[in-house]
Every structure is written in structure tokens, then in C-alpha cells.
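In the order they appear, the protein sequences are chains A and B. 2 is the number of the first residue of the first sequence in this note's numbering; add one for each residue after it. 875 is the number of the first residue of the second sequence in this note's numbering; add one for each residue after it.
It cannot be assumed that every hint is accurate.
Listed below are several chain B residues computed to face chain A (Cβ distance under 8 Å; list not exhaustive) [said to hold, decoys possible]:
| # | residue |
| --- | --- |
| 1 | 934 |
| 2 | 975 |
| 3 | 976 |
What the simulated footprint calls covered on chain A by chain B, stretch by stretch (three residues with Cβ under 8 Å from a Cβ of chain B suffice, anywhere in the stretch; the number is not a length) [unchecked claim]:
| # | stretch |
| --- | --- |
| 4 | 46–57 |
| 5 | 229–237 |
| 6 | 296–309 |
| 7 | 323–334 |
| 8 | 373–384 |
| 9 | 395–405 |
Below, in silico cross-link-like pairs of lysine-lysine (DSSO-like), each with a Cα-Cα straight-line distance of 27 Å or less [what the hints assert, rightly or not]:
| # | chain 1 | residue 1 | chain 2 | residue 2 |
| --- | --- | --- | --- | --- |
| 10 | A | 413 | A | 261 |
| 11 | B | 924 | A | 394 |
| 12 | A | 68 | B | 952 |
| 13 | A | 413 | B | 876 |
| 14 | B | 963 | A | 164 |
| 15 | A | 134 | B | 963 |
| 16 | B | 922 | A | 387 |
| 17 | A | 413 | B | 907 |
| 18 | A | 387 | B | 924 |
| 19 | B | 954 | A | 3 |
| 20 | B | 876 | A | 24 |
| 21 | B | 927 | A | 413 |
| 22 | A | 237 | A | 174 |
| 23 | B | 922 | A | 353 |
| 24 | A | 163 | B | 927 |
| 25 | A | 24 | B | 955 |
| 26 | A | 134 | A | 3 |
| 27 | A | 163 | B | 963 |
Simulated from the structure, these hints should not be mistaken for lab results. We treat Cβ as the ideally placed atom computed from N, Cα and C, and that holds for glycine.
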Amino acid sequence: MKQIIIIGNSAAGIAAVESIRNKDSDCRITVISDEDYTAYCRCVLSYYLAGDVGEDRLVYRGQDFYKNNNVDLILGKKVVRVDPKKNQIVLEDKQKLDYDTLVIATGSSAKLPELKGIQKRGVFGLRTVKDVKEILGLLPVAKTACVLGGGLIGLKAGYALKKRGIDIKIIVKSKQILSQVLDKTAADIIQGHLGANGLEILTGLDAAELLGNGELKAVKLDSGKVIGTEIVIIGKGVAPNIGLIKDTAVKAGEGIIVDKFLKTSVENIYACGDCAQTYDFVLEKYQVNALWPNAVEQGCLAGRNICQENSEYLGSIGMNSVEFFGLPVVSMGIAREEAGMEVLSRLDANNKIYKKVILKDNCLKGVILLNRIENSGIYLELIRHKADISSVKNELLNDTFNYAKIMDLLGKDETIYLSSAGGTHV
Amino acid sequence: MKRLYYDIEKCMACKTCEIACCVGHSLSKDIMKAIFEEPLSLPRIKVKEKGQKPHPMSCRHCDEPRCVMACMTGCLSKDKKTSLVLIDKNRCVGCWMCVMVCPYAAIRPDQKTKIPVRCDMCKDLDMPQCVKSCPTQAIIWCEEEELAKK
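Looking at chain A on its own, in the form it has when it is part of the complex (with noise of 0.2 Å):
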């Protein structure tokens, strides 16, 4: 019988347990996995920092899925190496399993910046639900942390630790923050609500040194000012996890390159999710876009490609919805425009609204939404298809922009409209 064995059980993993079982009844499904939980959301889990939800609403899937998807489940045990000349992975327990198929879904970890006492007892990333657990145990002693980074993983984990009670610096290399997915314009809005809301936020400033015998007791700066403070939490972002192909014949470069198929260099390997280095279809090049809807999609088409489906894949794309104390944005995309590209905007900062979107010979290449969110996903279709939108150029920005405008430039047949004077797609 083909054994299929899946490394990773979060998104990339689970979706491809979910599409192998759709058309594949039979075949064994191994899922090993080094942490001791059944799947969980790794994105609620600032949620849960918060308090805002309690343990049990961090199952994505429990018990039950593995049993009723007949998956052997291996929890707790890290595979070390993969042989694929032997298909063969190893444990870290000496264990050698045998594959006919492999899935790669080994997703990422946080990047931890070279920096003096990082080793320090109360520096955490926040990835895990073990990092979680123990920033939660801290918290009865600790008065002050401190988020490294300004990306999302930093400012959900001082938004959570503020609604803790517990004072908050967040400490931003770069001039602005989500300088990877916003232009400053949005970020400077969003800066100015997170500030009227209680986080303190340093801007153009770096960690130094992290100060204390053993355990942490402050963040000394670039700048020389030092910061007292009992836990720090690294957001400097994710580095894939693909130390356990290393010397072999699957190709790597950020994460393990795979191509529309999700296949890797090696025939019988797949690799989906954040461990992997797919084509984006904005940038056009191959790029690590680490992101719960990215990896569900590859998970899902791997799976269907290993039963013979050939489902292409049409590519990753950056793309990032969040909200901080009822101040949603969305983007996607590029946030920055480059030569050649044209801009049209709107902002009314007043409100708080802001809208902005990047065309590159009248195709869109990225969109900022920032607190009117509700027609994000017809962007999103304009990017996919590669849309010409000259012809609603002109109501693009506006709030009454809608589906009905944008489906005769999508190349495909609409199937839902009709039209009792003669015709089908109106």
C-alpha cells in the first residue's frame, strides 16, 4: 500500500491530509509533527496571549480528524534528515521511516537577530503554543516587556500583552512600521492609533544588548538608553524550516523551491507552506510568502497532485488582513511603488480612511485598504487574473466599487446573472 508521510501538522499539512482523503481512501497517511499538539491556530495564538480566547479555541483540528482521516500521527519527534535516494526520513530518535511519497509542510520559525543575551530566560518569539505558555506564566511578575520588530507578529504580541495590563515598548528598526506590507502613509495612521491606545512605539531605533545575569532584566538601545524590562519578544520575522534537507538533491534557496506543482527537485518530494519558496505571481519571481491562505492552497494542491490530479498552481501572493482596536487593514501586494508604476489614492485621515492602490500598465500589483476593507477580494481577483482595469480606472478607489463592475474583465464566464430578455451573462 503507498505510504505518504506529511512532515508538518498545521495549515500546509492538514490541507494536505484533507485533499489526499478526498480522492485517496487507502493509502497510509503518516503525519509527524515535533510539537505535542494535535493541529492548532498558529494564528490565534496572540489572540490567546490576549486573553481574548481560551485555550480550547485554539484547536484547528482535533483528535477526532486524524482518526476519522485513518492518519497514524506522530507527535512529538523531529525528523533530523531526509535520505531521498533511500526514501527514507530520520527522527531524532534514530528512527528511520520509509516513504513512497513525501510531503515537505515543516512550515518556519522565528528569526532570531544576532544580538548579545539572547539566551537571556524571558525572551520569547511567539510561534508556538510552549512560547505562549510560558509568556503567560511571566506575566504575574512582569510590569514592562518589549517587541523587537514592528511587523505583525510585533504588534499583535504588544497589542495582546496591553491587554494584559502590561506596559508595552515596541522597538522599530526601520522609520515606520509594517514596513514590509504598508507605505507610510497607512503605517503613520496606524502607528498614531496603536499610540492613542497605549503602546509606545520607537521608531528608527535597534536593540543592542539584552542586560541581566541569567535572567532578563533590560533592552539597551543603539542609542545607548536603556529600557528596563522582564520579557522581550522577538518579531523579526520567519526563517523556513529546511535544515533537515540540507546535502541533499532537494533544491533550496530561502525555503525548498518547488515548482507549479508543488513538486520539488526530487520526483516523489512536495513541499507547501511556509518551508517553501513558491513563484509569486505579483513579484514574479520565487519568493518564501509565509501565510496561513498560502499554505492551506499549496498544502491542498500538493495533495491533489500526489493522487495524479495536475492541478497547477497559480503562485503565492503577500497578502495580510489584520485589525488593532477596531482599526482594520488590508494589503496586497506590493505596498511600495517603483518606476514605472502608477499610484491613486485617497485618504481622509480624519477618519482614518485610507485607500491606495499600485497599477503597473493598467494591472494592478498592490492594494492598501486601511478601515474600508469590504471590497478587498475584488482587488485580490484583479491581481490574480492580471485584469486591464482602464475601463474602472476612474471608480476604483470608490466605496461602491463591487463585483458587478470588475467580471466582464476577468476572462471568465459568469455564471449567475441572467437575463430574461434573451442572453446569459449580463
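Add chain B to chain A, keeping to what the hints say.
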């Protein structure tokens, strides 16, 4: 599965469907009481316009729903039996990932409840309230195969 189709020649943009939808999803099911409810029941269907032509929009319960794929809590699911996209409101955290990826912008954020507003096909009633209420029969609720006969 039965889906919603719209005869846009018959639609007059009267928005009776929007009101019927609000009432149908209210606690009281009574229009005079529903308008005082907190949080207010919002329409899952919206009549949008393209030029002068009205186009009603609501969730299509896609075969491969992007919202379900993007949902980071797993609260959205595609039900294998009914083919409907279902939401477990207790698990939703209001991240708006579903709003971000819906190709039809048929999911809207409800800032009061922090739960997305989305058509549930009135699954607990005999038929969708928009269909029942439409004064011009512009909303058709049927299997795809039956559509040709309409």
C-alpha cells in the same frame, strides 16, 4: 445543490431582499422589532450596481471556497452533505481573512459583532427569505440543471 441566480432584467433594485434578509436573520423575525435590536441584523445580500443595471450579490457557496482556505481558525467549512459554506461563530476571531479573499466581495466585516456577514442560504428555513420576498421573482433558487428550464 440549489444555488441563487438573478434575472437582472427583472430586478428593480427595490432592495426588498435586503430587508427580508435582515428580518429573517434577526432575533424577533419581526421588522418592527428587528430595527431596534442590538446588534442590528445586517443584510447578507446586497444589491449593487453596474452602470444602471442592478446586480444582487451574496455568497455563492463556491465549490472551492477561498474563504474556507484562508480561514485561520477553521471556523469556516464546506459541508460535504449540503455543499454549503458553514461558519462556527464561536470559533471566529474576526481576522477578516475571508473578507480579504472572497472574489465576489460577498463577505463583509460586521464591526459590532466581529463576525463576518455572509449568506447562510437560510438553511434552517424552508427557503431563502430573499427568494420568498422578491416582488418580481428576479431571484431564482434552483439546481444548476433546472436553470435551463427557467
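Tested hints:
Against a cut-off of 8 Å between C-beta atoms, the interface hint on residue 934 of chain B holds, since the closest Cβ of chain A lies about 7 Å away. Taking 8 Å as the C-beta contact cut-off toward chain A, the hint placing residue 975 of chain B at the interface holds, the least distance being around 6 Å. Hint on residue 976 of chain B holds. Least Cβ distance to chain A is approximately 4 Å, under the 8 Å limit. Chain B is given as covering the stretch 46–57 of chain A, and this holds because 3 residues of the stretch bring a CB closer than 8 Å to a CB of that chain, at least three being needed.
Coverage of the stretch 229–237 of chain A by chain B is violated. Counting CB-CB distances below 8 Å, 0 residues qualify, and the rule asks for three or more. Counting residues of the stretch 296–309 of chain A whose beta carbon lies closer than 8 Å to any beta carbon of chain B gives 3, which meets the minimum of three for the stated coverage. Counting residues of the stretch 323–334 of chain A whose beta carbon lies closer than 8 Å to any beta carbon of chain B gives 6, which reaches the threshold of three, so the coverage claim holds. With 8 residues bearing a CB less than 8 Å from a CB of chain B, the stretch 373–384 of chain A meets the requirement of three and the coverage assertion stands.
Counting residues of the stretch 395–405 of chain A whose CB falls under 8 Å from any CB of chain B gives 4; the rule of at least 3 is met. Note on residue 413 of chain A and residue 261 of chain A: the hinted pairing holds, with a Cα-Cα distance of about 21 Å set against a maximum of 27 Å. This hinted pair checks out: residue 924 of chain B and residue 394 of chain A have alpha carbons roughly 14 Å apart, not beyond 27 Å. With a CA separation close to 19 Å, the supplied pair residue 68 of chain A and residue 952 of chain B stays within the 27 Å bound.
Note on residue 413 of chain A and residue 876 of chain B: the hinted pairing holds, with a Cα-Cα distance of about 22 Å set against a maximum of 27 Å. Between residue 963 of chain B and residue 164 of chain A the CA atoms are separated by roughly 23 Å; this keeps the pair inside 27 Å, and the hint holds. Between residue 134 of chain A and residue 963 of chain B, the direct Cα distance comes to roughly 25 Å. Compliance with the 27 Å bound is thereby established for this hinted pair. Restraint check for residue 922 of chain B and residue 387 of chain A: the C-alpha separation of about 24 Å stays at or below 27 Å, so the hint holds.
A C-alpha spacing of about 43 Å is found between residue 413 of chain A and residue 907 of chain B, which places the hinted pair above 27 Å, so the restraint is violated. Proposed proximity of residue 387 of chain A and residue 924 of chain B is supported: the alpha carbons are some 21 Å apart, at most 27 Å. Between the alpha carbons of residue 954 of chain B and residue 3 of chain A the distance comes to roughly 26 Å, so the proposed pair stays at or under 27 Å and holds. Taking the CA atoms of residue 876 of chain B and residue 24 of chain A, the gap is near 24 Å; set against the 27 Å cutoff, the hint holds.
Restraint check for residue 927 of chain B and residue 413 of chain A: the C-alpha separation of about 20 Å stays at or below 27 Å, so the hint holds. For the proposed pair residue 237 of chain A and residue 174 of chain A, the alpha carbon gap of about 10 Å is at most 27 Å, so the pair holds. Taken as a hint, the residue 922 of chain B and residue 353 of chain A pair is honoured in the structure, with Cα atoms around 25 Å apart against an allowance of 27 Å. Restraint check for residue 163 of chain A and residue 927 of chain B: not satisfied, since their Cα atoms lie roughly 49 Å apart, outside the 27 Å limit.
With a C-alpha separation of about 17 Å, the suggested pair residue 24 of chain A and residue 955 of chain B falls inside the 27 Å cut-off, and the hint holds. Between residue 134 of chain A and residue 3 of chain A the CA atoms are separated by roughly 39 Å; this puts the pair beyond 27 Å, and the hint is violated. Straight-line distance between C-alpha atoms of residue 163 of chain A and residue 963 of chain B comes to about 26 Å, which keeps the hinted pair within the 27 Å bound.
Hints 5, 17, 24 and 26, counting from the list given before, are not met by this structure.
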